[in-house]
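A.B. asks: Once you have looked at the hints, place chain B on chain A.
Residue numbers (the working numbering), protein chains in the order written: chain A, 1 to 192; chain B, 1 to 204.
Hints listed in this document are in silico derivations from the structure and should not be mistaken for laboratory results.
Be aware that a few hints might be false.
Covered stretches of chain A (chain B as the covering partner; in silico rule of three or more C-beta atoms under 8 Å from a C-beta of chain B) [claimed, not checked]:
no. : region
1   : 21-28
2   : 55-69
3   : 72-79
Computed footprint of chain A on chain B, listed as stretches where at least three residues anywhere in the stretch have a Cβ under 8 Å from a Cβ of chain A [unchecked claim]:
no. : region
4   : 46-52
5   : 75-83
6   : 93-106
7   : 135-149
Distance ranges between label pairs, derived from CB positions [claimed, not checked]:
no. : chain 1 : residue 1 : chain 2 : residue 2 : range
8   : A       : I68       : B       : F157      : 55 to 63 Å
9   : A       : F70       : B       : I183      : 35 to 43 Å
10  : B       : I3        : A       : I68       : 22 to 30 Å
11  : B       : P91       : A       : L86       : 34 to 42 Å
12  : A       : V162      : B       : N197      : 17 to 25 Å
13  : B       : H164      : A       : D126      : 17 to 25 Å
14  : B       : P91       : A       : D126      : 38 to 46 Å
15  : B       : P91       : A       : P96       : 48 to 56 Å
Cβ coordinates follow ideal geometry from the N, Cα and C atoms, glycine included.
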Amino acid sequence: MNLLLIFIAAAVTNNFVLTYFLGICPFIGVSNKLESAFGMGMATTFVMTLAATATWLINHYLLMPLRIEFLEYVTFILTIASLVQLVEMFIRKTSPELYRALGIYLPLITTNCAILGLTLFIALRDYEFLEAIIFGFGAGVGFTLALIIMAGIREELEFADVPKPFEGTGITLIIAGLLALAFMGFGGLIAS
Amino acid sequence: MSIFKDFAKGLWKENPVFVMILGMCPTLAVTTNAINGFSMASATMFVLVSSSLVVSVLKRLIPNQVRIAVYTVIIATFVTVADYFLKAKFPPISKALGPYVPLIVVNCIILGRAEAFASKNSVIRSLADAVGMGLGFMLALVILGSVRELFASGAVFGRTIIPHWHSWVVMILPAGAFISLGILVGIFNLIRLKAKNEKRKVKN
Numbered sequence: 001m002n003l004l005l006i007f008i009a010a011a012v013t014n015n016f017v018l019t020y021f022l023g024i025c026p027f028i029g030v031s032n033k034l035e036s037a038f039g040m041g042m043a044t045t046f047v048m049t050l051a052a053t054a055t056w057l058i059n060h061y062l063l064m065p066l067r068i069e070f071l072e073y074v075t076f077i078l079t080i081a082s083l084v085q086l087v088e089m090f091i092r093k094t095s096p097e098l099y100r101a102l103g104i105y106l107p108l109i110t111t112n113c114a115i116l117g118l119t120l121f122i123a124l125r126d127y128e129f130l131e132a133i134i135f136g137f138g139a140g141v142g143f144t145l146a147l148i149i150m151a152g153i154r155e156e157l158e159f160a161d162v163p164k165p166f167e168g169t170g171i172t173l174i175i176a177g178l179l180a181l182a183f184m185g186f187g188g189l190i191a192s
Numbered sequence: 001m002s003i004f005k006d007f008a009k010g011l012w013k014e015n016p017v018f019v020m021i022l023g024m025c026p027t028l029a030v031t032t033n034a035i036n037g038f039s040m041a042s043a044t045m046f047v048l049v050s051s052s053l054v055v056s057v058l059k060r061l062i063p064n065q066v067r068i069a070v071y072t073v074i075i076a077t078f079v080t081v082a083d084y085f086l087k088a089k090f091p092p093i094s095k096a097l098g099p100y101v102p103l104i105v106v107n108c109i110i111l112g113r114a115e116a117f118a119s120k121n122s123v124i125r126s127l128a129d130a131v132g133m134g135l136g137f138m139l140a141l142v143i144l145g146s147v148r149e150l151f152a153s154g155a156v157f158g159r160t161i162i163p164h165w166h167s168w169v170v171m172i173l174p175a176g177a178f179i180s181l182g183i184l185v186g187i188f189n190l191i192r193l194k195a196k197n198e199k200r201k202v203k204n
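With the rest of the complex left out, here is chain A (with noise of 0.2 Å):
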């Protein structure tokens, strides 16, 4: 039960883009096409839940015996980046297809804010280990739903007259907004 009030927290009550505002730049960046967006949002789903798993394994066994958690962000952020460059070997030499449709997105999740602010998050709130897979797997489902959302807005936007200032930016921005109002609806979910 705990397992899954975790999974719709991080997926949807408090979602990563909409609530911590983690992601934002392939929220803007890549948010264009609906494709791309899926694309996307597959692949940090996988990176984040790999990420949690491997900063949790070695939060608790390498950093808190020596106690050099001072070492968090640098060690963090390493493994986050080596994570990213494995998979993308990986991925290349297993499923050519796969590659093909993840590749140019994996190089860009290494600084996407939302891997390193998951990690965080699961450092900060002591996590059991189980915890911590679903918190990185749901948190990656909630940001490929908000991805999506946004890029099938968008794809009808691109037939509307926005009036010139607000083209682009300006106007992803406002109807991250009113997506961010519209998700706080599900806060209902979870009693707190």
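C.D. replies: Frame of chain A; chain B shown alone:
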């Protein structure tokens, strides 16, 4: 002259937030009031200036293939310093900013300046560029923070501007952040478009 240009472009022409749309996460997340925006921008500026300095000093020693990783480690080091400094000296601010201080590591402005400017230019020019970009970021965060604080509580920097303001709670919520920044970006574009049109008219 060119040093001044390096410095000034960050403020307006290449403002990291309003023009280049970089560093969105902290911009939106911590600007519930002007003070938070200011402290976040100061921390970011410290990291930006220090890491630009180090990158431009070490630019000949860093092998090209691993430069991004090296930059990231340099940035993460200074972020750790900034985070521990805030925790020790300004605990309330550190608490208000929460995980967004460590998230400076992935602020694209800093890595962007290291890669695009500090790794190619002299130490003094990189310093001017970093200070300019940092101030541009600060300008944006303080404007956004003030606007949100004003509409949310009728005050700016904690001082009441509009007495008996019927507070708009939505401005403190995430939705308010997105909508205010969207409108501000639109206004900045409007000003820039107007300035461009006038220049064209003068030329003709």
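A.B. asks: Each of the hints needs a verdict: does it hold here or not?
C.D. replies: Each hint tested on the structure:
1. Taking a C-beta to C-beta cut-off of 8 Å, the region 21-28 of chain A contributes 6 residues in contact with chain B, enough for the three needed, and the coverage statement holds.
2. As drawn, the region 55-69 of chain A meets chain B at 0 residues by the rule of a beta-carbon pair under 8 Å; below three, the given contact is violated.
3. With a cut-off of 8 Å between beta carbons, the region 72-79 of chain A has 5 residues touching chain B; three or more are needed, and the interface restraint holds.
4. Coverage of a stretch by a chain is defined here by at least three residues with a beta carbon nearer than 8 Å to that chain's beta carbons; for the region 46-52 of chain B and chain A the count is 0, and the condition is violated.
5. Given as covered by chain A, the region 75-83 of chain B passes the check, having 5 residues with a CB less than 8 Å from a CB of that chain where 3 are the minimum.
6. Note: the region 93-106 of chain B has 5 residues with beta-carbon separation from chain A under 8 Å; the three-residue rule is met and the coverage holds.
7. Given a C-beta distance limit of less than 8 Å, the hint that chain A covers the region 135-149 of chain B is violated, as 0 residues qualify and 3 are needed.
8. Between I68 (chain A) and F157 (chain B) the Cβ separation comes to about 39 Å, which falls outside the hinted range of 55 to 63 Å.
9. The hinted range of 35 to 43 Å is satisfied by F70 (chain A) and I183 (chain B), whose Cβ atoms lie roughly 41 Å apart.
10. For I3 (chain B) paired with I68 (chain A), a C-beta distance near 41 Å fails the hint of 22 to 30 Å.
11. With their beta carbons about 38 Å apart, P91 (chain B) and L86 (chain A) fall inside the hinted range of 34 to 42 Å.
12. Judged by the Cβ atoms, the range 17 to 25 Å given for V162 (chain A) and N197 (chain B) holds: they are separated by roughly 19 Å.
13. Distance hint for H164 (chain B) and D126 (chain A): a CB-CB separation of about 44 Å, inconsistent with the stated range 17 to 25 Å.
14. Between P91 (chain B) and D126 (chain A) the CB atoms are about 20 Å apart, so this pair departs from the stated range of 38 to 46 Å.
15. Under the hint 48 to 56 Å, the C-beta atoms of P91 (chain B) and P96 (chain A), about 52 Å apart, fit the expected range.
Against the hints set out earlier in the document, violations occur for numbers 2, 4, 7, 8, 10, 13, 14.
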